[in-house]
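Residue numbers (numbering that gives the first Met the number 0), protein chains in the order written: chain R, 0 to 357; chain L, 0 to 515; chain P, 0 to 304.
Hints are not guaranteed to be accurate.
Unchecked claim - Below, in silico cross-link-like pairs of lysine-lysine (DSS-like), each with a Cα-Cα straight-line distance of 25 Å or less:
| id | chain 1 | residue 1 | chain 2 | residue 2 |
| --- | --- | --- | --- | --- |
| 1 | R | Lys221 | R | Lys243 |
| 2 | L | Lys329 | L | Lys368 |
| 3 | R | Lys243 | L | Lys368 |
| 4 | R | Lys243 | L | Lys329 |
| 5 | L | Lys368 | R | Lys221 |
| 6 | L | Lys329 | R | Lys221 |
Just so you know, these hints were derived from the structure itself, not from any lab.
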Amino acid sequence: MRLTLERRTQAGIWASLASPTLAVVLTLVFGALLFSLIGIPPLAALTVYFLSPLADLWALEELTVKAAPLILIALGLAPCYLSNNWNIGAEGQLVMGAVAGSAVAIATHGQGHGSYIVWLMLAAGVLGGAAYGLIPAVLKARFGVSEILTSLMLVYVADLLLDYLVRGPWRDPKGFNFPTSVSFGFEARLPGLSETGRLHPGFFLMLLAVALLAFMLARTLKGFEIRLVGEAPRAARFGGFDDKRLTLFVFALSGALAGLAGIIEVAGPIGNLQPTISPGYGFTAIIVAFLGRLNPFGILIAGFFLALTFIGGENAQIALRLPLDVTRVFQGLLLFFVLACDTLILYRLRVTREGAPA
Amino acid sequence: MTGVGTQDSGDQPLLAASAISKRYGSLLANDAIDLVIRPGEIHALLGENGAGKSTLVKILYGLIAPDSGQIMWRGAPLVLSGPAEARHHGIAMVFQHFSLFDTLSVVENVALALPPEPLAALSERVYRVSRDYGLDLEPGREVWRLSVGERQRIEIVRCLMQNPKLLILDEPTSVLSPTETSGLFRTLEAIRGEGRSVLYISHKLEEVRVLCRSATVLRHGRKVASCDPSRESAASLARMMVGEDIHDVQVKPHRGDGAERLGVRQLNRASPDPHGTSLADVSFSVRAGEIVGIAGVAGNGQDELFSALSGEVSSLPEAVCIDGQAVGAKGIVARREYGAAFIPEERLGHGAAPGFTLSENVLVSQHGKQGFVRRGVLDRSALRDCLAAIRQRFDVRAGEADPPARALSGGNLQKFIVGRDIMGAPRLVIVAQPTWGVDAGAAAFLRQSLVDLAEQGAAVLVISQDLDELFELSDRIAVLSRGRLSPALPRGQQTRESIGLMMGEAMREVAHAPHA
Amino acid sequence: MMIFEAILLTIITAATPLLLAAIGEVVVERSGVLNLGVEGMMIMGAASGFAVAILTGSSLLGVMAGLFAGMAMSLLFAALVLGLAANQVASGLALTIFGLGLSGLVGFPFVGAKREAMAHLYLPYLSDLPFFGRVIFGQDPLVYIAFALVVAVALIISRTRAGLILRAVGENHHSAHALGHNVRQVRLLAILFGGACAGLAGAYLSLVYTPFWTPGMTAGRGWIALAIVVFASWRAGRAVIGAYIFGGVSILQLHAQGFGLGVPAQALAALPYLTTIIVLFALSRLPRGSSRAPACLGQPFLPAR
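Can you build the whole structure from these sequences, using the hints too?
What follows is the structure in structure tokens.
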């Protein structure tokens with residue numbers, strides 16, 4: 000007996016829905032096993048992780064706050080991965096977007112500007128993220144340098160730059176030596192849209208981005224080009240599409256969306272620049288992108304699910320005294336299972352007898 | 000077949016396969032096939048592309064497990080778990096697509112197929128064996144430096160060093176020049192003279208009639224006949240293979256006094272791939288209403304020439320002219336706007352994206368045409384209409400209305416691609432290997448389409464390794480070898496031998512070139 | 000002389016984990032597999048190695064634990080990319096994310112624990128030689144193991160049949176399969192070796208380099224090891240040069256920070272990462288000769304049967 004994989008000529012729609020679902024179920028089962036292994040009642044733990052964040056209005060709002068950056072970034076990663084451009088440095092692009100946007104806020108701080116400042120900040124964030132994303136793209140398109148390594152290395156560089164800024168030139172002089180910038184003024188903050196003030200316009204920007212990306216990928220020539228370059232690069236060249244220019248385009252787009260996520264975080268929930276502004280959204284978004292099968296609507300759902308793990312992780316830290324690393328374990332497991340289940344979409348598992356039957 | 004195993008007579012078959020079946024999804028690739036090979040014979044396995052020859056030999060070599068059926072080897076049942084076991088029993092195989100490692104040396108390539116042995120001693124043996132069989136090889140050279148013919152010699156030497164009782168060759172002459180082919184036949188006779196058997200897979204009837212005294216003919220996955228090819232005519236063998244008479248392509252003689260459509264002047268192109276072939280001073284022209292053929296053995300610059308003409312790779316502006324316009328520096332989309340159409344050799348992955356539906360594949364080369372894209376947005380219904388028109392006019396058969404490209408058979412996919420790119424009545428068509436791997440019916444249809452295009456006034460350039468095809472279609476034929484192109488002479492002034500000589504000319508150059 | 004010798008000693012300590020991880024990845028990539036999970040395997044090696052060393056009091060057992068933790072992680076990766084033909088880039092990322100999380104759990108009880116760095120081997124007399132005596136003959140055992148591995152891997156790849164098969168599988172897996180070599184088995188062994196090396200590298204960090212456990216302590220070294228493999232053109236010997244360049248940069252920037260050159264500490268700390276980018280860029284400007292990646296690198300293999 001042996002298991003063999005046979006390529007399907009066409010993936011069934013049921014399979015592209017079933018595989019992420021199966022991956023989530025398997026993650027929960029393995030998570031439960033892991034909890035019982037370290038001596039924590041598995042059901043209670045899973046409840047804290049995956050149900051408590053849905054328990055009340057405040058929690059639901061918090062969910063939107065966490066989901067928005069994850070989904071924004073993953074939306075940008077999808078065209079990258081569809082076209083075989085492995086941008087894994089979204090975390091750095093997020094940071095640079097936040098830095099660029101905050102530069103506007105800090106430069107205009109206390110000068111009595113109107114609320115157009117926050118829009119300028121968003122624009123600066125988009126540009127900052129896109130510019131940072133273009134570095135590995137240019138290195139790849141012009142010089143053939145692996146974008147995987149360079150985009151990741153730039154994450155560390157961005158983190159260090161942020162650290163330098165908030166401890167050095169941008170430190171709040173009245174901040175008791177804490178490594179943070181000034182608290183942004185009213186004109187430099189995204190307005191709260193609910194009583195708790197947690198829900199902010201960034202959430203609706205994210206929904207808009209989902210709709211735009213879905214339209215672009217499914218209905219436009221650009222979307223076609225993106226999918227074609229990934230599926231058959233030689234056919235794309237035969238079609239007259241320039242894969243190098245496309246690399247620049249998808250990296251810039253992905254950097255722009257990550258930068259937007261970064262400045263939304265700073266101008267929204269956080270309110271000033273700090274040494275750490277993201278709990279690893281840029282990396283978790285990679286999982287969101289794959290769990291959502293690189294489809295904008297899939298990413299929308301997947302983003303909410305992974306946002307759960309962030310809030311669940313914080314809750315578990317308080318309620319169960321579990322380190323935040325459990326969240327990462329969950330996320331890693333989930334990506335494992337997503338990739339494993341994807342095989343079921345592309346291939347058919349077949350059981351064959353060893354050798355030739357007589 | 001029962002009872003054979005207990006006999007110990009002189010004419011016991013070396014190999015007797017009975018009722019071999021293999022199914023891929025809905026396709027029955029092998030349907031209860033019987034095959035008997037006797038010791039010391041060169042046995043032909045004849046059949047069209049897609050008749051199931053490759054599947055059958057892969058089963059005999061242990062690469063694929065059959066769904067049912069039995070193989071008797073020297074009188075005893077044989078069940079193969081893989082190629083290693085087949086080789087252990089004395090079955091060796093030379094593939095159509097070589098299983099060589101470009102960055103390794105000849106002797107390292109041989110070593111990988113043999114039990115462990117010091118490389119120095121092995122080099123000595125490789126040298127001896129290659130000399131004994133007239134297969135000139137240098138053990139120390141890296142494979143990527145060698146010509147296709149030399150690579151095939153490595154494969155054959157590698158098999159012979161395993162002292163096989165049965166040597167399987169899959170379409171060995173498809174990559175050889177006529178001179179190299181006769182060299183191969185001498186080697187095969189020498190192998191047969193030692194009492195070994197050869198299973199010779201081919202669809203070239205003349206070769207089989209010269210070389211083989213027994214043959215098994217397959218059609219649509221079934222065995223339809225066994226015969227002695229030397230007692231058959233090419234026509235009778237063809238009828239067995241195809242099952243019907245294929246109507247000949249209607250070619251009217253003497254065309255090509257129209258205006259120059261494609262002009263190529265001193266096209267030079269250093270290959271970016273260190274393993275590729277560079278084009279050197281290639282010059283020729285194609286006029287309206289004529290078909291020009293470019294012959295040559297694979298790997299002599301065909302891919303490089305096609306991509307330079309199509310604009311996938313750019314050159315000096317004046318090196319390529321369409322209708323007198325210098326387009327060498329322009330891309331493929333601009334060249335299409337000048338009325339050119341291109342049909343590459345490789346269908347899946349180059350001409351079409353395997354996972355995309357046919358209507359999406361229309362867009363691959365036609366997105367510049369009016370009506371499919373408006374302000375960057377796709378018009379999917381226009382694409383579907385276009386697909387329906389192509390399918391009707393070019394008889395593209397598929398199960399669904401809009402299946403993914405990889406679901407189509409080779410012939411139907413090629414009809415789709417050719418249809419897609421010539422629907423708009425192009426003034427210049429450049430096509431590489433138009434009927435490679437296509438069944439006879441589709442091949443005749445495709446050739447007729449090219450002839451019709453020329454009759455309607457288009458200039459057609461056909462790059463092909465198939466000399467029969469070129470002689471059937473072309474008004475003029477040139478030979479590409481080692482990146483250099485011979486003058487294109489009218490068909491009437493050339494013979495297979497003269498063309499073969501031009502191919503061979505280059506081969507001798509290679510043999511005498513200083514070894515870098 | 001004293002300070003020079005001290006700097007040299009610390010450079011060796013900084014370069015050794017990079018060298019160990021890179022040499023493992025050279026073998027993995029030569030087999031045609033791209034395992035981007037080096038960081039994840041390395042940090043699991045660091046956490047498990049430190050935990051076991053604390054619990055048993057034995058450095059040797061700690062090192063072994065690190066090695067096996069790396070192998071266990073690589074087995075997960077192998078199951079995905081060999082068993083299920085999953086995308087290698089994404090699977091490597093998954094391994095890194097998972098490893099960073101799981102190492103946090105494993106190491107959680109040991110945060111703040113301290114133990115002595117692993118003892119050095121002092122070869123009698125030789126290590127008392129002036130100048131380079133201590134540098135060459137007074138290192139911890141893993142430094143010697145790392146160099147022994149480089150020599151062994153270089154010889155095996157270029158001189159032995161096993162190495163020939165490894166190269167063949169990485170160059171053309173379909174041909175290797177057609178010749179009867181077991182592609183997936185070769186790759187499994189290569190991946191396990193890579194995992195062991197990365198685990199060893201991690202154990203070196205927590206048992207020799209620091210020596211303590213702190214979450215995320217690999218700080219991108221796994222990724223730098225991947226860059227070293229590119230730098231080394233997939234050759235074991237050249238990985239030594241790469242590892243010592245990067246080890247040197249990371250130590251010199253620490254010393255530069257100590258001297259207070261007026262350059263922000265963060266700019267110096269970014270040097271190893273910037274160096275990686277600059278080196279990869281510079282390599283791309285060199286003429287392409289022998290620096291070709293294995294032809295099947297990153298491609299999934301599925302035999303048709």
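25 Å limit on alpha-carbon distance, applied to hinted pair R:Lys243 and L:Lys368: holds, 23 Å
Does R:Lys243 pair with L:Lys329 here, judged by a C-alpha cut-off of 25 Å? holds, 17 Å
Would the hint linking R:Lys221 and R:Lys243 be met if the CA-CA limit is 25 Å? holds, 14 Å
Hinted pair L:Lys329 and L:Lys368, Cα distance within 25 Å: Roughly 17 Å separates the two Cα atoms, so the pair holds.
Does L:Lys329 pair with R:Lys221 here, judged by a C-alpha cut-off of 25 Å? holds, 21 Å
Quick one, are L:Lys368 and R:Lys221 close enough, alpha carbons at most 25 Å? holds, 16 Å
The structure is consistent with each of the numbered hints, conforming to all of them.
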